[in-house]
Amino acid sequence: MTTDVHQLDDGAWISVNDSREINVSDLWLLARHEFCDCEMADFLAEGVVEVGVDYPDIAARFAGRCIQCGTEGVTDWLTVGRVIDPDDGQFYGVVPESVHVPRKRTRLARPE
Amino acid sequence: MPSKVENWKSEVYGSEIREHLMEFAAEGWDAIPEDEHDAWFERFKWWGLYHQRSGQESYFMMRIGTPNGVIEPGQLEVIGEIAKEYATGPVDNPEFGDAYCDWTTRQSIQLHWIKLEDVPEIFEKLESNGLSTQQACGDSWRNIVGCPVAGKDTHEHIDAWPVAEDLHEEFKGDDDYANLPRKWKVSVTGCDQGCGQGDINDLAFEPAKKDGELGFNVRVGGGLSRKEPRFARGIDVWVPPEQASDVAAGMSALFREYGDREDRFNARIKFLMDEWGPEKMRRVLQEEFVDFELPTAGEDMRDQYTYNAGQNDGHGDHVGVHEQPDGNYYVGLDVLVGRMGADDTLELADLAEEYGSGEVRLTQRQNVIVTDVPEDDLDAFLDEPLLEDYSPDPHPFMRGSIACTGSEFCSLSITETKNRQVRYARWLKDNVELPDGVEDFHIHLSGCTASCAQPQIADVSLRGMKTRKDGEPVEAFDIGLGGGLGEDPHFADWVEMRVAADEVPGYIQNLLAAYEAEREERVVPEEQRGRDGEAVERETFREFIAARDEDALQDLADAEETSYEDPYMHNTKMTWYPYADEDDMNASPAPTDGTGQPLPSDD
Numbered sequence: 001m002t003t004d005v006h007q008l009d010d011g012a013w014i015s016v017n018d019s020r021e022i023n024v025s026d027l028w029l030l031a032r033h034e035f036c037d038c039e040m041a042d043f044l045a046e047g048v049v050e051v052g053v054d055y056p057d058i059a060a061r062f063a064g065r066c067i068q069c070g071t072e073g074v075t076d077w078l079t080v081g082r083v084i085d086p087d088d089g090q091f092y093g094v095v096p097e098s099v100h101v102p103r104k105r106t107r108l109a110r111p112e
Numbered sequence: 001m002p003s004k005v006e007n008w009k010s011e012v013y014g015s016e017i018r019e020h021l022m023e024f025a026a027e028g029w030d031a032i033p034e035d036e037h038d039a040w041f042e043r044f045k046w047w048g049l050y051h052q053r054s055g056q057e058s059y060f061m062m063r064i065g066t067p068n069g070v071i072e073p074g075q076l077e078v079i080g081e082i083a084k085e086y087a088t089g090p091v092d093n094p095e096f097g098d099a100y101c102d103w104t105t106r107q108s109i110q111l112h113w114i115k116l117e118d119v120p121e122i123f124e125k126l127e128s129n130g131l132s133t134q135q136a137c138g139d140s141w142r143n144i145v146g147c148p149v150a151g152k153d154t155h156e157h158i159d160a161w162p163v164a165e166d167l168h169e170e171f172k173g174d175d176d177y178a179n180l181p182r183k184w185k186v187s188v189t190g191c192d193q194g195c196g197q198g199d200i201n202d203l204a205f206e207p208a209k210k211d212g213e214l215g216f217n218v219r220v221g222g223g224l225s226r227k228e229p230r231f232a233r234g235i236d237v238w239v240p241p242e243q244a245s246d247v248a249a250g251m252s253a254l255f256r257e258y259g260d261r262e263d264r265f266n267a268r269i270k271f272l273m274d275e276w277g278p279e280k281m282r283r284v285l286q287e288e289f290v291d292f293e294l295p296t297a298g299e300d301m302r303d304q305y306t307y308n309a310g311q312n313d314g315h316g317d318h319v320g321v322h323e324q325p326d327g328n329y330y331v332g333l334d335v336l337v338g339r340m341g342a343d344d345t346l347e348l349a350d351l352a353e354e355y356g357s358g359e360v361r362l363t364q365r366q367n368v369i370v371t372d373v374p375e376d377d378l379d380a381f382l383d384e385p386l387l388e389d390y391s392p393d394p395h396p397f398m399r400g401s402i403a404c405t406g407s408e409f410c411s412l413s414i415t416e417t418k419n420r421q422v423r424y425a426r427w428l429k430d431n432v433e434l435p436d437g438v439e440d441f442h443i444h445l446s447g448c449t450a451s452c453a454q455p456q457i458a459d460v461s462l463r464g465m466k467t468r469k470d471g472e473p474v475e476a477f478d479i480g481l482g483g484g485l486g487e488d489p490h491f492a493d494w495v496e497m498r499v500a501a502d503e504v505p506g507y508i509q510n511l512l513a514a515y516e517a518e519r520e521e522r523v524v525p526e527e528q529r530g531r532d533g534e535a536v537e538r539e540t541f542r543e544f545i546a547a548r549d550e551d552a553l554q555d556l557a558d559a560e561e562t563s564y565e566d567p568y569m570h571n572t573k574m575t576w577y578p579y580a581d582e583d584d585m586n587a588s589p590a591p592t593d594g595t596g597q598p599l600p601s602d603d
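Top to bottom, those sequences are chains A and B.
Position 56 of the first sequence, counted from 1, bears residue number 56 in full-length UniProt numbering, the numbering being contiguous throughout.
Position 570 of the second sequence, counted from 1, bears residue number 570 in full-length UniProt numbering, the numbering being contiguous throughout.
Worth flagging that the hints you see were computed from the coordinates, not collected in a lab.
The structure displayed is predicted, hence computed values, not measured ones.
Among the hints, a few may not be true.
Stated by the list, open to error - If you want the footprint, here are the derived chain B segments under chain A, 3+ residues with CB under 8 angstroms:
{"#": "1", "segment": "25-39"}
{"#": "2", "segment": "443-452"}
What the hints assert, rightly or not - Label pairs and their in silico Cβ distance ranges:
{"#": "3", "chain 1": "B", "residue 1": "D263", "chain 2": "A", "residue 2": "G70", "range": "50 to 56 angstroms"}
{"#": "4", "chain 1": "B", "residue 1": "D174", "chain 2": "A", "residue 2": "T2", "range": "33 to 39 angstroms"}
{"#": "5", "chain 1": "B", "residue 1": "M585", "chain 2": "A", "residue 2": "I84", "range": "20 to 26 angstroms"}
{"#": "6", "chain 1": "B", "residue 1": "E516", "chain 2": "A", "residue 2": "D54", "range": "54 to 60 angstroms"}
Claimed, not checked - Some chain A residues well away from chain B (every beta-carbon gap over 12 angstroms; in silico):
{"#": "7", "residue": "R20"}
{"#": "8", "residue": "E21"}
{"#": "9", "residue": "A31"}
{"#": "10", "residue": "R32"}
{"#": "11", "residue": "E34"}
{"#": "12", "residue": "D37"}
{"#": "13", "residue": "E39"}
{"#": "14", "residue": "D42"}
{"#": "15", "residue": "G47"}
{"#": "16", "residue": "D54"}
{"#": "17", "residue": "Y55"}
{"#": "18", "residue": "I67"}
{"#": "19", "residue": "T79"}
{"#": "20", "residue": "V94"}
{"#": "21", "residue": "V99"}
Backbone N, C-alpha and C fix where the C-beta goes; we use that ideal spot for every residue, glycine too.
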């Protein structure tokens with residue numbers, strides 16, 4: 001079974017296999033990032049911009065803001081969780097408040 | 001490549017969704033295949049059903065579109081009865097109780113906690129009384145807005161109500177316009193005060209005169225969402241009332257053909273207007289989508305627009321007692337943040353029958369209007385106890401408050417909104433003196449950048465955010481100042497960012513003190529004095545803000561804690577329902593069956 005990933009409702013949340021898994025309004029701590037000048041960005045996710053799958057990772061780019069310095073923009077790719085076994089489709093989400101390292105590329109899911 | 005939503009729409013969309021919806025409703029929530037949830041919930045929007053946010057699975061928001069906000073005699077009672085019987089959730093709202101109606105900024109009605117299994121009965125009751133949820137959400141013609149007192153307004157040049165009615169009849173259910181790239185918001189106004197808010201709609205018809213004949217100028221491409229606000233731009237087209245539907249058909253067909261179906265974030269026509277500009281928009285409309293010569297724009301009435309224009313003596317809203325051309329009166333009642341309990345709604349329906357024609361109208365400021373009250377009955381109506389809670393003469397802080405749905409039900413919102421704005425308005429009323437002469441002061445609170453509370457066109461704009469306080473994340477707001485409509489509309493300037501929610505009232509208090517202390521006054525020469533005879537003219541709040549640069553605006557006021565207490569500082573989005581005693585996501589009873597009983601989990 002393939003893993004079905006998309007964002008819906010104006011980028012309000014990410015669906016993985018028709019289950020709402022990641023919502024906006026969480027704070028994500030970003031390290032080794034280029035989003036702003038803060039060593040550790042305290043990033044508020046306001047909207048999902050793109051989603052991608054790079055097995056087993058599910059990744060997304062978010063629009064939002066670093067609430068420390070105020071920089072607004074779109075992040076590079078953040079791993080939001082994993083589907084380890086595509087046959088059972090079980091999603092294991094990351095903890096947004098832990099530290100994440102954005103990466104430049106991933107495989108795009110179909111455009112939303 | 002078309003987006004996933006477009007693929008779902010190409011399989012089933014428009015009127016045909018209803019048959020499936022009814023089948024699912026008959027079989028129950030569980031009948032929707034789990035791997036088709038997203039596709040069906042996207043499609044259900046077309047029939048006015050929007051799946052509520054995470055933690056509230058199986059419950060829907062239902063939107064009823066009432067064109068121009070007109071609720072005909074008898075219909076309000078039906079709406080109140082439906083709210084009371086069906087719009088009751090597992091937990092009460094501490095401010096509004098167990099069942100309530102929301103009057104929206106687009107003159108529609110929203111009910112919450114609707115169960116799929118109840119939809120057939122609700123539809124039957126609505127439709128047998130001339131009401132419908134059709135196309136209230138989704139990618140199509142949305143509810144048509146306009147001056148809420150069209151046909152009953154002394155400022156009117158054209159009665160726009162029949163035009164709005166025609167457009168509603170023609171484009172609701174027309175398969176040619178059922179599947180557009182994105183939502184399509186239309187405003188039609190015939191009055192000279194600008195209260196149709198055409199500037200923030202995809203397509204606007206505004207009153208204009210051409211060769212002595214009254215008709216409409218056409219504007220295209222307004223909208224507020226996603227930090228990309230645009231005012232609609234004139235496309236140099238005038239249309240007589242009888243051809244408004246031809247131009248509307250042409251414009252929405254143009255949008256259907258040229259709107260972006262690959263990227264939903266770029267799909268609204270405001271982005272096509274960015275790309276093409278008004279000249280090309282006109283040319284393509286003329287060459288490809290209408291079969292008559294489009295007249296150039298007529299002489300508009302925008303220099304008379306006073307609605308929400310930030311003037312001291314302007315027409316800020318429709319609250320209060322106003323005479324109709326037929327000698328009867330309409331009475332605009334303030335509904336704080338647009339939410340009215342179901343029992344109050346039923347009582348209002350009775351009062352509208354008793355004192356007026358039974359008709360009630362909704363405004364774009366989330367208020368209600370009882371029309372057709374004879375002069376002899378006015379005093380008795382105004383003495384009714386219900387009007388103590390929904391006043392025709394409210395305090396400016398109550399009257400000026402607008403709030404969107406917020407994290408109570410909405411997936412996109414960052415913060416709690418309605419209950420908070422109720423608390424803000426009450427605290428401001430009790431603790432802050434408005435400067436002399438300020439009778440209208442608009443504070444619009446939106447939980448996110450979708451801007452459903454229209455924050456950018458308020459005196460004070462609040463947009464949901466987060467910040468940290470003592471290291472802990474708390475709900476917060478960006479604060480914008482000086483927005484409004486009128487002849488020269490202006491979006492608010494964002495001045496203070498990430499103000500903790502419990503420091504916002506203190507900021508507004510300090511801001512108004514600065515305005516009172518620093519605003520300019522001038523003596524009005526006797527021959528220039530208006531009807532009120534005021535000898536001193538004071539700088540309006542909007543002028544006061546416009547006269548200051550970015551640095552000066554930031555120096556105006558500081559945010560601070562006050563006696564205001566905010567019970568919603570935590571991350572309300574992490575709860576299943578922010579007001580539940582046990583609010584943890586795991587405590588949610590959802591999804592439930594048709595009787596509200598929790599369904600067994602898959603785990």
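Item to check | Structure versus earlier hints - violations, ascending order | outcome: Hints 3, 7, 8, 14, 15 and 18 not satisfied by this model.
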